[in-house]
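Taken in order, these protein sequences are the chains called X and S.
Numbering follows the numbering used here, in which position 30 of the first sequence is assigned residue number 30; successive positions increment by one, without gaps.
Whatever position you read off the second sequence (first residue = 1), add 1000 for the numbering used here.
What the hints contain is simulated information worked out from the structure, not anything from laboratory work.
Certain hints may be false.
Claimed, not checked - In the SDA-like style, the derived pairs of lysine to any residue whose C-alpha atoms are separated by at most 20 Å in a straight line are: (1) X:K248 <-> S:K1093; (2) X:K248 <-> S:A1159; (3) S:K1248 <-> X:D261; (4) X:K248 <-> S:T1157; (5) X:K248 <-> S:N1259; (6) S:K1093 <-> S:A1159; (7) S:K1248 <-> X:A268; (8) S:K1248 <-> X:G68; (9) S:K1093 <-> S:H1133; (10) X:K248 <-> S:E1083; (11) X:K248 <-> S:G1274; (12) S:K1093 <-> S:T1106; (13) X:K248 <-> X:A276; (14) S:K1248 <-> X:K86.
Said to hold, decoys possible - To list a few chain X residues with every Cβ distance to chain S over 10 Å, as calculated: (15) L52; (16) L198; (17) E217.
Positions of the beta carbon are idealized from the N, C-alpha and C atoms, including for glycine.
2 protein chains.
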Amino acid sequence: MAQPTPLFNRLALIGVGLIGSSIARAARAQGAVREIVATARTAATRRRVAELGLADQVVESNGAAATGADLVIVCAPVGVCGEIAKEIAPQLKRGAIVSDVGSVKTAIVRDMAPHLPPGVHFVPAHPVAGTEHSGPDAGFAELFVGRWCILTPPEGTDAAAVDKLAAFWRMLGANVETMASPEHHDLVLAITSHLPHLIAYTIVGTADELAEVTRSEVLKFSAGGFRDFTRIAASDPTMWRDVFLANKDAVLEMLGTFNEDLSQLTRAIRRGDGEALFEHFARTRAIRRGIVEIGQDSPAPDFGRAHPGLPDAPLPRPYAVSDET
Amino acid sequence: MAQPTPLFNRLALIGVGLIGSSIARAARAQGAVREIVATARTAATRRRVAELGLADQVVESNGAAATGADLVIVCAPVGVCGEIAKEIAPQLKRGAIVSDVGSVKTAIVRDMAPHLPPGVHFVPAHPVAGTEHSGPDAGFAELFVGRWCILTPPEGTDAAAVDKLAAFWRMLGANVETMASPEHHDLVLAITSHLPHLIAYTIVGTADELAEVTRSEVLKFSAGGFRDFTRIAASDPTMWRDVFLANKDAVLEMLGTFNEDLSQLTRAIRRGDGEALFEHFARTRAIRRGIVEIGQDSPAPDFGRAHPGLPDAPLPRPYAVSDET
């Protein structure tokens, strides 16, 4: 196959954690950009990015990264994106596209847009993908394949810029959806991502503080369901602190509905109302089926977790069947 | 390797769903028993068990299955185990071991023990393993490898019988733990299994009933965390109805603690208390690490979910970089 022509000459990544480093790897693997310039907040991360060869240039400041870039993607916790926009604004070249990867969009538009100069195209983006691991070593080129990337361009954004960023994400394997309203994005993600994380963080904390159950018991018997929650609750604390601060209203609204539903199931348990429980438990299977059908989760049981083989099992002597038993 | 001598001459399985059929497959693969007799509630399941060749004999009644068996394992929802014990009691041979696989142990002891005749050894068991799928086709021989099986023999149970059942589960690859108190088992499992399921069932129901977010949006953007919960919420409704009815007190106690913790995090969100959120989110990573370290979950990111490769990505023409940009 002929080498694809790059979409952008120079991609600047501001922040190179799980998401930023996955973008770097995928953009390079796909030939989506000619050159990658990267920066990170700490010297240790910048050094690691250089060691991993994730970028053509690693620079020390956000301004230096943005200079001359055609596409700038801010891959930092939501809470610092406004400040970064302010810092890079003077260096942005006319016609550049500025984007982000934040899990919240209303706050991003509110915090970043006012700093960006005219002639620069601001196209907020949210790739709905990730793992529980963080940092530049955790990324991989396939992270976005088959996942959705949501764009929320403010009204009046240049359509060509939106299309070009959409093409970039498609080259990385993502499906692209454009939402006119960042508020709607935040409501949708409050239920499909933020509330699940909040609940997982809560229950893992609850389990760890019980007086009657030891931590060793919690760990050993976690395969009963609990371990699934610990994966999500191992996600980056800074990123998630910022998500909840920035998407407070939508999260509180979803929490209200969740609490009502939990009270209803609690009441059914207290009253021994088996019919109500069965009816609820039977309904939720359809959602799982739908997710697997559209390719958003593995059809393999247990997420396709590996199962080691059976042990060689020579029978312990005292238990051998004798004829008299 | 020499063929191992079987631990039991005849194993009777009463119920052949995910767990029962996995026991059948593993016991046969390991040569743990000489013969397997199975029965199931419905004719359709009995037919399927015969088709799959899971047992040497498929019989129509619980009593017929128990007749002449050295080990009887009741693999049925918790709510019907008492009735089954009553049915099989007259057929049980002297010296037989009767066990189960229920996720609740206090109710099992209360419901089954009174029916069992003297000379029969009752050793309740709970293999903490499973998937979201149900039925005889869903089982596999490796299901119990590396997982824990908890035995809760009532005081005074014959030690040799307990040891022999423990040896059986070890042949199937499980680790075995004996707990003196079924009440303690129920408290531990309330937090490591029952509450996680209740919460997963709740949030999946909540997401499905929102007025502002469509089901299609919930499915598409589920990779943000929600999809993990849908797996658990796809578990067998009958089994789980019975678990919550049978372990009401422990579940309600854990729910109380969970609700307090959730209120505290909600308050932190409402007040914009980033420090409290960060502090909580940073603590829960250690639990995940502990679970992976003791081999109760995969160290691979995202449970080791498969990631398809990057697409062949010829560049869409209109976006090619030209010199003037």
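Status of the hints after comparison with the structure:
1. X:K248 <-> S:K1093: violated, 64 Å
2. X:K248 <-> S:A1159: violated, 57 Å
3. S:K1248 <-> X:D261: holds, 18 Å
4. X:K248 <-> S:T1157: violated, 55 Å
5. X:K248 <-> S:N1259: It holds: about 19 Å lies between the C-alpha atoms, which stays within 20 Å.
6. S:K1093 <-> S:A1159: holds, 18 Å
7. S:K1248 <-> X:A268: holds, 10 Å
8. S:K1248 <-> X:G68: violated, 64 Å
9. S:K1093 <-> S:H1133: violated, 34 Å
10. X:K248 <-> S:E1083: violated, 51 Å
11. X:K248 <-> S:G1274: holds, 12 Å
12. S:K1093 <-> S:T1106: violated, 25 Å
13. X:K248 <-> X:A276: violated, 32 Å
14. S:K1248 <-> X:K86: Violated: K1248 (chain S) and K86 (chain X) sit about 55 Å apart, past 20 Å.
15. L52: holds, 17 Å
16. L198: Violated, because the least Cβ-Cβ distance between L198 (chain X) and chain S comes to about 6 Å, which does not exceed 10 Å.
17. E217: violated, 5 Å
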